[in-house]
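Asker: Chains as they are written, first to last, in our numbering: chain A, 1 to 420; chain B, 1 to 420.
Be careful, since some hints might not be right.
Remember, identical chains collapse to one label, so a pair may be satisfied in a single copy or spanning two.
Said to hold, decoys possible - Listed next, the in silico DSS-like pairs over lysine-lysine satisfying Cα-Cα at most 27 Å (straight line):
hint	residue 1	residue 2
1	LYS36	LYS91
2	LYS252	LYS308
3	LYS226	LYS91
4	LYS332	LYS36
5	LYS332	LYS118
6	LYS91	LYS252
7	LYS308	LYS226
8	LYS318	LYS252
9	LYS226	LYS252
10	LYS118	LYS91
11	LYS252	LYS220
12	LYS118	LYS226
13	LYS318	LYS308
14	LYS318	LYS91
No lab work stands behind these hints: they were computed from the structure. Bear in mind that the values here come from a model prediction, so they are computed numbers and not experimental data.
There are 2 protein chains.
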Amino acid sequence: KKKLGQDDSRRIIHSLKFGLALTLVSLIYYFEPLYKGFGNSAIWAILTVIMVFEFSVGATLGRGLNRGLATLVAWALGFGAHYLASLAGEKGEPILLGLSIFLVAGVVTFVQFFPQLKARYDYSLLIFMLTFCLVSISGYREDEILEMAHQRVSTILIGSSTSVFICLFVFPVWAGDDLHNLVASSLEKLGSFLEGFGVEYFKIPGDSKESNNTFMDDYKSVLNSKQSEECLANFARWEPCHGQFRFRHPWKQYLRIGSLTRQCAYRIEPLNGYSTLRSSGINCLQILAEFRSKIQEASTNMSLESGKALKELASAIKAMTPPSSVTPHIVKSKDAANDLISLLRSGFCKEIDLLEVIPAVTKIAESINELASLAHFRSVEPMVEAEKPKLLHQETNPPCCGVNEPHHVITIDQLSPKLP
Amino acid sequence: KKKLGQDDSRRIIHSLKFGLALTLVSLIYYFEPLYKGFGNSAIWAILTVIMVFEFSVGATLGRGLNRGLATLVAWALGFGAHYLASLAGEKGEPILLGLSIFLVAGVVTFVQFFPQLKARYDYSLLIFMLTFCLVSISGYREDEILEMAHQRVSTILIGSSTSVFICLFVFPVWAGDDLHNLVASSLEKLGSFLEGFGVEYFKIPGDSKESNNTFMDDYKSVLNSKQSEECLANFARWEPCHGQFRFRHPWKQYLRIGSLTRQCAYRIEPLNGYSTLRSSGINCLQILAEFRSKIQEASTNMSLESGKALKELASAIKAMTPPSSVTPHIVKSKDAANDLISLLRSGFCKEIDLLEVIPAVTKIAESINELASLAHFRSVEPMVEAEKPKLLHQETNPPCCGVNEPHHVITIDQLSPKLP
Chain A
1 KKKLGQDDSR RIIHSLKFGL ALTLVSLIYY FEPLYKGFGN SAIWAILTVI MVFEFSVGAT
61 LGRGLNRGLA TLVAWALGFG AHYLASLAGE KGEPILLGLS IFLVAGVVTF VQFFPQLKAR
121 YDYSLLIFML TFCLVSISGY REDEILEMAH QRVSTILIGS STSVFICLFV FPVWAGDDLH
181 NLVASSLEKL GSFLEGFGVE YFKIPGDSKE SNNTFMDDYK SVLNSKQSEE CLANFARWEP
241 CHGQFRFRHP WKQYLRIGSL TRQCAYRIEP LNGYSTLRSS GINCLQILAE FRSKIQEAST
301 NMSLESGKAL KELASAIKAM TPPSSVTPHI VKSKDAANDL ISLLRSGFCK EIDLLEVIPA
361 VTKIAESINE LASLAHFRSV EPMVEAEKPK LLHQETNPPC CGVNEPHHVI TIDQLSPKLP
Chain B
1 KKKLGQDDSR RIIHSLKFGL ALTLVSLIYY FEPLYKGFGN SAIWAILTVI MVFEFSVGAT
61 LGRGLNRGLA TLVAWALGFG AHYLASLAGE KGEPILLGLS IFLVAGVVTF VQFFPQLKAR
121 YDYSLLIFML TFCLVSISGY REDEILEMAH QRVSTILIGS STSVFICLFV FPVWAGDDLH
181 NLVASSLEKL GSFLEGFGVE YFKIPGDSKE SNNTFMDDYK SVLNSKQSEE CLANFARWEP
241 CHGQFRFRHP WKQYLRIGSL TRQCAYRIEP LNGYSTLRSS GINCLQILAE FRSKIQEAST
301 NMSLESGKAL KELASAIKAM TPPSSVTPHI VKSKDAANDL ISLLRSGFCK EIDLLEVIPA
361 VTKIAESINE LASLAHFRSV EPMVEAEKPK LLHQETNPPC CGVNEPHHVI TIDQLSPKLP
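Isolated chain A (complex conformation) (with noise of 0.2 Å):
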């Protein structure tokens, strides 16, 4: 329990915040004139907080809107079906509110299957099906509803309005800021496996220093990371202008770096394989030894290089700059790249792999020079900067007599796969 909380401070922080959100709430309670005006409406209020109170500013946000817009709409619905069911008759009026109930659960139950509507609007459905089914049966038992429904609004706009003023204000956590540096972190973890690999798949197998490779196996949480980014982006629409981000800050094209840093992740996968197997004492690259010293170089390059690209794009975004220092690393990785590949032409074929990887990072820093644009990133001429990977190929394949021997060279860009 201890170091969960050192680990991230934040969330003791919003324990107490939320404890504090409720407990002023609970006030209703305490005192005499505010009980007397809203009755036994106030439980709504505490309701209200426990649902709508989330970790981050956006969610909160999201969540305190919907929950008015639901309510507000599930209102106007249930007087409605009140209405029309207390024209059919004492007889008429229970099958006819029982018929709305059946239909307004089955449609809303059935819209919530639909991926998209239940990640946007999962939760103002809930909330309109409950006041749907409140007040079109309330209405049916008590006839002051007009009156009711003037407490319940009430204590749920102070239960809404609670929660987002004390998530708001008290020691903010933004949504925006997480996606932020969770799409950045992914890109350094990749960079620092691919900077340490070079290293560690050519060391000697009798080398007895322990190498601390344990960051090693931290891009693994990047393989799994599509949720919790997609989630992040939707909080992270509903945030107002905060520190460095706007209000319509291109949150999407995070999704699709990270969607591309995942694409990378699974290129590197097999690539760890290799070095396990090198650590536990067996060389793929043992079959030919000889070549061994003839590709250790520009593996190494190769590798080291779209490390540091990745990281270089990492800090770009981190710093928010357009990534302009990037370029070189990924000139001299295909550059490497191509070297490699004029040396296996007769030989062994097993770096391809990570030949693979270059591609994917290229594909990386193009996203992010979108982004750069998108989000107007301080930057001398944007325009310049996103179209530089276009120059970059035109430049690294002349080297390359790609047209004369069709079927015996392949360049880096040839390799390209095309990413979905």
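Once you have looked at the hints, place chain B on chain A.
Answerer: Then chain B, alone, in the frame of chain A:
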């Protein structure tokens, strides 16, 4: 909207079931004697149905039990807090109550940050907090707290039992069945990919026949199956004996198989990159066209046989029989792999990626044998089945003279990556 319904008629049935449960519970309002007994607490029956009713039996049972337990514990604690606070006199009572709410809310919120507790008891913790607040605070205002408790508990019981009854007896949907099918279909998708891969990869570029390789992308869903598998396994734990499944069916073993299947999918992902290259007219093998005919047969066999092995494993799971007919395929694919390795000794080594798939398949087979013995699949001698993979290793080693030429030959068993 229509298409989704055709995809899964279970969803429409679920919507109707939910509507039915809600309508049944709302009957409390229409019958005078029932309403007199419960009064305003009747709303809690509706609230309970909305919160407890879920798609699968396991989820509903789990929620119902959690809801019941959490409510009881919260009532006990709430009474305690109310009693202690009332000892403190009129002025001390609100302060003590406020403190206790602050404390409970803070601790419960913090506990939710533990991922394991969150996955299992998220809902219980919410209900606990809600009920605790209601009881301790309501006690401050209402004198007949025991009468209210009686009403509440009965309505919650009515809501829970209605939900569980309808979910269990009207077209039940079992989370266990879904998990079982999901794991089997993941294996099948990978198998289809591998079966088709060899042919796709060695197809002559100019071939005008458009292959219907849409199934080649099916495996992509396996990459992100982690969360849904864990979710289903959590629900399946609650389900009673049904169909071929006992109450304590080894659901955790499914998670292990699922995780190994994902490992295999990560290894297949780069292969897909090549086949995309292929369809865009670029063939890595063009570098060394002369090797093509040499390795074609071995590679295609290897891919085909490991695909068949995976499909055998999938149908063994589906039929709940021990996967006895899978070993020949693994033997054949290992033989093909060893052939390929000797062919490649002096040549082009692109296919090592494909070689990596086989150890992953072997691991999956071992894991499914374990499931077969844990879950008592109908088998003649389950212990013998479970040991077969080890025998297999010994049988395939001799042909490759691994001892005499340690630096020039690797066997497929040595390639086996240490899967985490």
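Asker: Now tell me, hint by hint, if it's right for this structure.
Answerer: Hint by hint, here is what the structure shows:
In the homo-oligomer, the alpha carbons of LYS36 and LYS91 lie at most 27 Å apart only across protomers (19 Å), although the nearest pairing inside one protomer, at 36 Å, exceeds that limit. Taking identical chains as interchangeable, the C-alpha atoms of LYS252 and LYS308 lie at most 27 Å apart only when both belong to the same chain, with a minimum of 25 Å there against 40 Å between chains. For a Cα distance limit of 27 Å, the shortest separation of LYS226 from LYS91 qualifies neither inside one copy, at 53 Å, nor across copies, at 52 Å. Neither within a single protomer nor between protomers do LYS332 and LYS36 lie at most 27 Å apart by alpha-carbon distance, with minima of 75 Å and 82 Å respectively.
Within a single copy, LYS332 and LYS118 get their C-alpha atoms no closer than 46 Å, and across copies no closer than 47 Å, so neither meets the 27 Å cut-off. In this assembly of identical chains, LYS91 and LYS252 lie within 27 Å of each other by CA distance neither inside one copy nor across copies; the values are 54 Å within and 54 Å between. Taking CA atoms no more than 27 Å apart as the test, LYS308 paired with LYS226 passes inside one copy only; the shortest distance there is 24 Å, against 30 Å between copies. When the C-alpha separation of LYS318 and LYS252 is checked against a cutoff of 27 Å, the pair qualifies only within one copy, where the shortest distance is 17 Å, while the shortest distance between copies is 39 Å.
Both within a single protomer and between protomers do LYS226 and LYS252 lie at most 27 Å apart by alpha-carbon distance, with minima of 13 Å and 23 Å respectively. In this homomeric assembly, LYS118 and LYS91 never come within 27 Å of each other (Cα to Cα): the closest approach is 37 Å inside a single copy and 47 Å across copies. In this assembly of identical chains, the alpha carbons of LYS252 and LYS220 lie at most 27 Å apart whether taken from the same copy (23 Å) or from different copies (21 Å). Taking the shortest alpha-carbon separations for LYS118 and LYS226, both the intra-copy value of 17 Å and the inter-copy value of 19 Å come in at or below 27 Å.
When the C-alpha separation of LYS318 and LYS308 is checked against a cutoff of 27 Å, the pair qualifies only within one copy, where the shortest distance is 15 Å, while the shortest distance between copies is 47 Å. For the homomeric pair LYS318 and LYS91, neither the shortest alpha-carbon distance inside one copy (67 Å) nor that between copies (53 Å) is at most 27 Å.
When the structure is compared with the earlier hints, violations turn up for hints 3, 4, 5, 6, 10, 14 and for no others.
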